[in-house]
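Sequences are here, hints too, so could you generate the full structure?
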Amino acid sequence: AQRVTQPEKLLSVFKGAPVELKCNYSYSGSPELFWYVQYSRQRLQLLLRHISRESIKGFTADLNKGETSFHLKKPFAQEEDSAMYYCALSGSGTYKYIFGTGTRLKVLA
Amino acid sequence: DTGVSQDPRHKITKRGQNVTFRCDPISEHNRLYWYRQTLGQGPEFLTYFQNEAQLEKSRLLSDRFSAERPKGSFSTLEIQRTEQGDSAMYLCASSPVDRGKLFFGSGTQLSVL
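Chains A and W supply the protein sequences, listed in that same order. Going by this note's numbering, the first residue of the first sequence is number 5, and it counts up by one from there. Going by this note's numbering, the first residue of the second sequence is number 14, and it counts up by one from there.
Rather than coming from a laboratory, the hints here were simulated on the basis of the structure. Possibly wrong hints are sitting among the right ones.
Here are some chain W residues the structure puts well away from chain A; computed CB gaps all over 10 Å [stated by the list, open to error]:
1. His23
2. Thr26
3. Asn31
4. Glu65
5. Asp76
6. Pro83
7. Gln93
8. Gln97
9. Ser100
10. Leu123
Distance windows between CB atoms, simulated [what the hints assert, rightly or not]:
11. W:Gly98 x A:Pro22: 37 to 43 Å
12. A:Ile55 x W:Ile25: 40 to 46 Å
13. A:Ser16 x W:Arg72: 34 to 40 Å
Calculated pairs, DSSO-like style, for lysine-lysine (alpha carbon to alpha carbon, straight line, at most 30 Å) [as the list claims (entries may be wrong)]:
14. A:Lys26 x A:Lys61
15. W:Lys114 x A:Lys69
16. A:Lys100 x W:Lys70
17. A:Lys13 x W:Lys70
18. W:Lys114 x A:Lys61
19. A:Lys77 x A:Lys13
20. W:Lys114 x A:Lys77
21. A:Lys69 x A:Lys100
Just so it is clear, CB atoms sit at the ideal spot from N, CA and C, and this is done for glycine as well.
And the structure:
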């Protein structure tokens, strides 16, 4: 069964500190992993996906198949990074996306 | 193009009533999704369409829920005989051929009294 686990409901860091939002997944095949973000009073939107191997707003995420993880990282947090972050998974042969429960990131001044 | 549009934004209904929500996706997006989200949870998959075909439906979805996308454009989600447990935010998303990029609407907040 497909499952996405985000163990932290809330993560608070100070501005300028490194950030790591954890995501673990369960999937027997070859998954595609994504991070979505929801800023206050905005719609849920795609932040990045592992196949692109890109950095968006300073965030990166590496798919680790051995540890079945896709943690989101940023070396220096900014106040505008405060938002809800959701990890999502899709498997081969389907266009269904499964979301985790989300982590609220608060960046303190 | 203003993005994915959902109507209504809010719906309050009494237990046992039927409700219908509408989603207008971004033009030419062939995939359309419905998700449900409750407080403290992530979006829960309900169903998705490719054009007018409903390709997958959550096994957790009650028979009281039905969705249509008759001409491959807008979609409706109907909940019959609503229950208090149906209270949630119902999100619609559309996606182009480009895999993984879901464009979400603002959602319909349903409250069942």
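How the hints compare with the structure:
no., hint, verdict
1, His23, "holds, 15 Å"
2, Thr26, "holds, 24 Å"
3, Asn31, "holds, 26 Å"
4, Glu65, "holds, 15 Å"
5, Asp76, "holds, 20 Å"
6, Pro83, "holds, 20 Å"
7, Gln93, "holds, 24 Å"
8, Gln97, "holds, 22 Å"
9, Ser100, "holds, 18 Å"
10, Leu123, "holds, 17 Å"
11, W:Gly98 x A:Pro22: 37 to 43 Å, "holds, 40 Å"
12, A:Ile55 x W:Ile25: 40 to 46 Å, "holds, 42 Å"
13, A:Ser16 x W:Arg72: 34 to 40 Å, "holds, 37 Å"
14, A:Lys26 x A:Lys61, "holds, 18 Å"
15, W:Lys114 x A:Lys69, "holds, 22 Å"
16, A:Lys100 x W:Lys70, "holds, 9 Å"
17, A:Lys13 x W:Lys70, "holds, 28 Å"
18, W:Lys114 x A:Lys61, "holds, 17 Å"
19, A:Lys77 x A:Lys13, "holds, 16 Å"
20, W:Lys114 x A:Lys77, "holds, 20 Å"
21, A:Lys69 x A:Lys100, "holds, 20 Å"
Comparing the model with each earlier hint shows no violations; every hint is respected.
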